[in-house]
Amino acid sequence: MLAVRIWNYLKGYVIIKVEGINLERFINLAITNNIYFWDIERVNFTTLKARVSLKGYKHLRSIRKRINCMVSILEKRGCPFLLHRIFKRKALVAGGITAVLIMYFLTSFVWVVEVQGNERIPGERIVRELKAFGLKPGAFKPFIDTREVETKLLIEMDQLVWVGINILGTRAVVDIVERTEAPPLIDKSVPCNIVAKKDGIINNIYVYQGQAAVKSGDTIKVGQVLINGVVEEPGKPIRVVHAMGRVEARTWYQLTEEQNLRLVTRERTGQMQRGVFIRVGGNTFRFSRKKCAFQNYDTETETRRLIEWRNITAPVELIIEKYYEVIVEEEFLPVAAAVDRAVKKTAQRLTGMLPQEVEITDRRVKYIETENQTIRVDVIFETLEDIGLEERININHRED
Amino acid sequence: METRGDLIKKGIADLLELPRDIVLDLPKITLLGNLQLYIENHKGIIEYSTSLVRVNTKAGILVVTGSCLTIRTIVVEEIIIVGSIDRVEFLQ
Chain A
1 MLAVRIWNYL KGYVIIKVEG INLERFINLA ITNNIYFWDI ERVNFTTLKA RVSLKGYKHL
61 RSIRKRINCM VSILEKRGCP FLLHRIFKRK ALVAGGITAV LIMYFLTSFV WVVEVQGNER
121 IPGERIVREL KAFGLKPGAF KPFIDTREVE TKLLIEMDQL VWVGINILGT RAVVDIVERT
181 EAPPLIDKSV PCNIVAKKDG IINNIYVYQG QAAVKSGDTI KVGQVLINGV VEEPGKPIRV
241 VHAMGRVEAR TWYQLTEEQN LRLVTRERTG QMQRGVFIRV GGNTFRFSRK KCAFQNYDTE
301 TETRRLIEWR NITAPVELII EKYYEVIVEE EFLPVAAAVD RAVKKTAQRL TGMLPQEVEI
361 TDRRVKYIET ENQTIRVDVI FETLEDIGLE ERININHRED
Chain B
401 METRGDLIKK GIADLLELPR DIVLDLPKIT LLGNLQLYIE NHKGIIEYST SLVRVNTKAG
461 ILVVTGSCLT IRTIVVEEII IVGSIDRVEF LQ
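Respectively, the protein sequence lines represent chains A and B. Taking my numbering, the leading residue of the first sequence gets 1, the next gets one more, and so forth. Taking my numbering, the leading residue of the second sequence gets 401, the next gets one more, and so forth.
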């Protein structure tokens, strides 16, 4: 019945008053002419109130002629009349259309320039540079060739390796990747020393050019000169050269790792359940019926915004949680195995830290048992690495 | 009112177990408590007021008395009368 009522409302209907003597005949004639009537009400002996569809009302005219009765409209209801009334107010309609047009017009400009991915270069500087190429708040979108601006910015700022400009609605999002600077290489013609970049004990020193300042077995500190670029030989004038050589030293790295003796493993069984939630504002509502049935499970949460249009986001979020059933197993490690595990972990960490071409030659492991069934493992790794670093010689200083 | 043709039709309907309301063109009347009366297959309305409705059918004139009677829907095949219904009777 509701569907019928909504349909009638959409199509529009009129409430009519029929006055006459033989109103039953009027009804019978109307229905045989396929005019749909409803909610017929007798007001008094000569008057009837009824609802009839717009189309039906037009057909009533022919019946009215045949039977001596008067039909008048009491009320008009439904969408067509409402629309008609709205469109009568021309200023309102014009205002609405103008508002939409203005909105559309304003969204064809860039209003915000956002810079992402910069670490050393200040964002304002990039914004300033972009302004020169025409990408600035207030710029007309169709006039901006993002590819061209990208290229120009790359040429202008050689600190950048990559630039990506995306115009999202009224926002221009500029993604940049900065160049990672290579350590400055000193030209071969410039005199320099080789100094230590780390503490250590010299293992081997090979001098290609210059004069060795240390010998193997010496303990050295950071910054200490290893190969001197100032060559002083008896009976010859002092020469200043570009020192070259390879200084291998033993260095140490200490790493600490804590290891729990109680080892808990969580293995997924492959069973999975989903829970769906809807977050409106700050409130979360469960959408799916069941709660998670697993005793032990891992949860993965995925959040989806239902509407994401330009830079407007709806305050409604769909949250899907996936529960993976897990089998939890507890295992007590013997101390030796735990130490072994911790050492392996530290070794992995170390290889991430060290530069390439570094050889791990030895390691010393110390461990203490702390409370809560944990052990703390200190590992000292001994490595063999090249610790030389070129350092320019300030000649003016030497001549003083 | 029954003619010879009607009798034959009735006989065939009984014999073949056909639904009688279709074969004999009879009205199907459903009464929902005393609130609503649904008449399928009527032959037009004879009289209508808030206390009395007379509807023509093949089985005679159906007289409905009550109070506050209104016709909810009326089309060629069916009528729905709502209100407080006191009595439903056939007049031959």
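Derived from the structure by calculation, the hints contain no laboratory data. This structure is a prediction, so every number in the text was calculated from the model and none was measured. Don't take every hint at face value.
Cut-off 27 Å, straight-line C-alpha distance, at most; resulting in silico cross-link-like pairs (DSSO-like, lysine-lysine) [what the hints assert, rightly or not]:
{"id": "1", "chain 1": "B", "residue 1": "K443", "chain 2": "A", "residue 2": "K58"}
{"id": "2", "chain 1": "A", "residue 1": "K17", "chain 2": "B", "residue 2": "K443"}
{"id": "3", "chain 1": "A", "residue 1": "K65", "chain 2": "B", "residue 2": "K443"}
For each hint, the structure was consulted:
Using a Cα cut-off of 27 Å, the hinted pair K443/B and K58/A holds, with the two alpha carbons roughly 24 Å apart. Distance restraint check for K17/A and K443/B: the Cα-Cα separation of roughly 24 Å lies within the 27 Å cut-off, and the hinted pair is therefore satisfied. A distance of roughly 23 Å separates the Cα atoms of K65/A and K443/B; the hinted pair therefore holds under the 27 Å criterion.
Comparing the model with each numbered hint stated earlier shows that all of them hold.
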